[in-house]
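Engineer: Please model the complete structure; the sequences and the hints are all you need to start from.
Listed here are the chains, written in short residue letters.
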Amino acid sequence: MKPDVQQVNAALRQLAEEYAEGQLSAATYRERRRELVCAVAGQALPQLEDGEATHPGLPPVSVESPVAAEAEPVMPVAEQATPVRSYRAVTILVLALAMAGAAGLLWFVFRK
Amino acid sequence: MSTWRYCALTDTGVRRKHNEDAIMAMPATGLWAVADGMGGHEAGDLASGMIVEALSALPRPDNFSLFVDAVEQALQDVNSRIRAHADQAFEGRMMGSTVVALLLAEGYGACVWAGDSRLYRWRDQQLEQLSRDHSQVQRLLDAGVISEEEADSHPNANVITRAVGGAVQLVVDVAMLDVLPGDRFLLCSDGLYNELDRNALALGLQQPDVETAAQNLLQAALQAGARDNVSVIVVEAAHEA
Chain A
494 MKPDVQQVNA ALRQLAEEYA EGQLSAATYR ERRRELVCAV AGQALPQLED GEATHPGLPP
554 VSVESPVAAE AEPVMPVAEQ ATPVRSYRAV TILVLALAMA GAAGLLWFVF RK
Chain B
38 MSTWRYCALT DTGVRRKHNE DAIMAMPATG LWAVADGMGG HEAGDLASGM IVEALSALPR
98 PDNFSLFVDA VEQALQDVNS RIRAHADQAF EGRMMGSTVV ALLLAEGYGA CVWAGDSRLY
158 RWRDQQLEQL SRDHSQVQRL LDAGVISEEE ADSHPNANVI TRAVGGAVQL VVDVAMLDVL
218 PGDRFLLCSD GLYNELDRNA LALGLQQPDV ETAAQNLLQA ALQAGARDNV SVIVVEAAHE
278 A
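If you read the sequences in order, they're chains A and B. Position 54 (the first sequence) corresponds to 547 in our numbering; numbering is contiguous. Position 36 (the second sequence) corresponds to 73 in our numbering; numbering is contiguous.
It is worth saying that the hints were derived from the structure and are not from the lab. Keep in mind that the hints are not guaranteed to be accurate.
As the list claims (entries may be wrong) - Dumping the calculated EDC-like pairs for lysine to aspartate or glutamate here, alpha-carbon to alpha-carbon at most 20 Å: (1) K54(B) with E79(B); (2) K495(A) with E143(B); (3) K54(B) with D82(B); (4) K495(A) with D215(B); (5) K495(A) with E528(A).
To be verified - Only some residues are given here: those of chain B computed to face chain A with a beta carbon under 10 Å: (6) L167; (7) D215; (8) L217.
Quick caveat: nothing in here was measured; it's all calculated off a predicted structure. We put the CB at the ideal spot given by N, CA and C, even for glycine.
Structural biologist: Structure, rendered in structure tokens:
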């Protein structure tokens, strides 16, 4: 049974007001609006590619949703030492000590 | 298979030198729109032109809700472009446009709008306004502060609260509608309904075909003085054979 169009329009108006006041993200607003529009149109909700591309174990993340994008904090990777970086640091340290030793030896031999 | 008859007309009017309105009709897509530009010559007409250009390029998705999304997204993109252009070319001076779009499918449709351009439906000899103006006067009307008669002659009747290009974030309104064979829809700019009252609009829409209806409405507005640009689109859902 199709819903009453006037009731749907009242819901659409309310939804738009909540979105305009910042109570809803763009993604949530569009998702709820699609449900109302599809109810009047008698169509199934569209399967969006964004959702399909997401890992099945994770909720869909829309590129239109800044809230969703901000939900997962970005880790400060610069402060995390990876094994590759550790080996490189040790190598540089050894080279620096070797060069300092060679320079000291040369100074000792040629100082007079 | 849906069949639509339509007639789309726009005119500079009697007092204005330039037409800042723009109209579009895409019957194959099921999309019609009127845009009423603001900001003066080379600003208002550019803004309304950007809207109809963007909407004209839209494809028609199978799912109607995605069609609504696409129209909204196109208008939001134009909103950003208008604001960027106003900053660059007009030192931030106001540049924008109202818009009302009619999206039709078999048995139903949608109205998407921002500002005070309007959509009416003519059914069973009754005229019904399907869009609600984004205007100060409409707010007063909704709050019960003024009556409909007072609204028509209110000094702030032309002050709108929403437009494409009017704010960083554009929120369009969407209303769904059912469509019966024989329904007629009128999309128009304020240049029409500010000159013609509801009875005159109804009289114009009663004509036997959409061409006569649109031409009669436009001529009536011009005869009434047409202080603003006038745009009229009449769309009819064809009777089933």
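Engineer: Please go over all the hints and tell whether each is borne out by the structure.
Structural biologist: Tested hints:
Restraint check for K54(B) and E79(B): satisfied, since their Cα atoms lie roughly 12 Å apart, inside the 20 Å limit. With a CA separation close to 14 Å, the supplied pair K495(A) and E143(B) stays within the 20 Å bound. Of the pairs offered as hints, the one joining K54(B) and D82(B) holds, with about 12 Å between alpha carbons and a cut-off of 20 Å not exceeded. Taken as a hint, the K495(A) and D215(B) pair is honoured in the structure, with Cα atoms around 11 Å apart against an allowance of 20 Å.
A distance of roughly 13 Å separates the Cα atoms of K495(A) and E528(A); the hinted pair therefore holds under the 20 Å criterion. Proximity of L167(B) to chain A holds as hinted, the smallest CB-CB distance being about 9 Å (cut-off 10 Å). Restraint check, D215(B) versus chain A: the minimum CB separation of about 6 Å is within 10 Å; hint holds. Interface hint at L217(B): violated, since its Cβ lies 12 Å from the closest Cβ of chain A, which is beyond the 10 Å cut-off.
Consistency note: the structure conflicts with earlier hint 8 alone.
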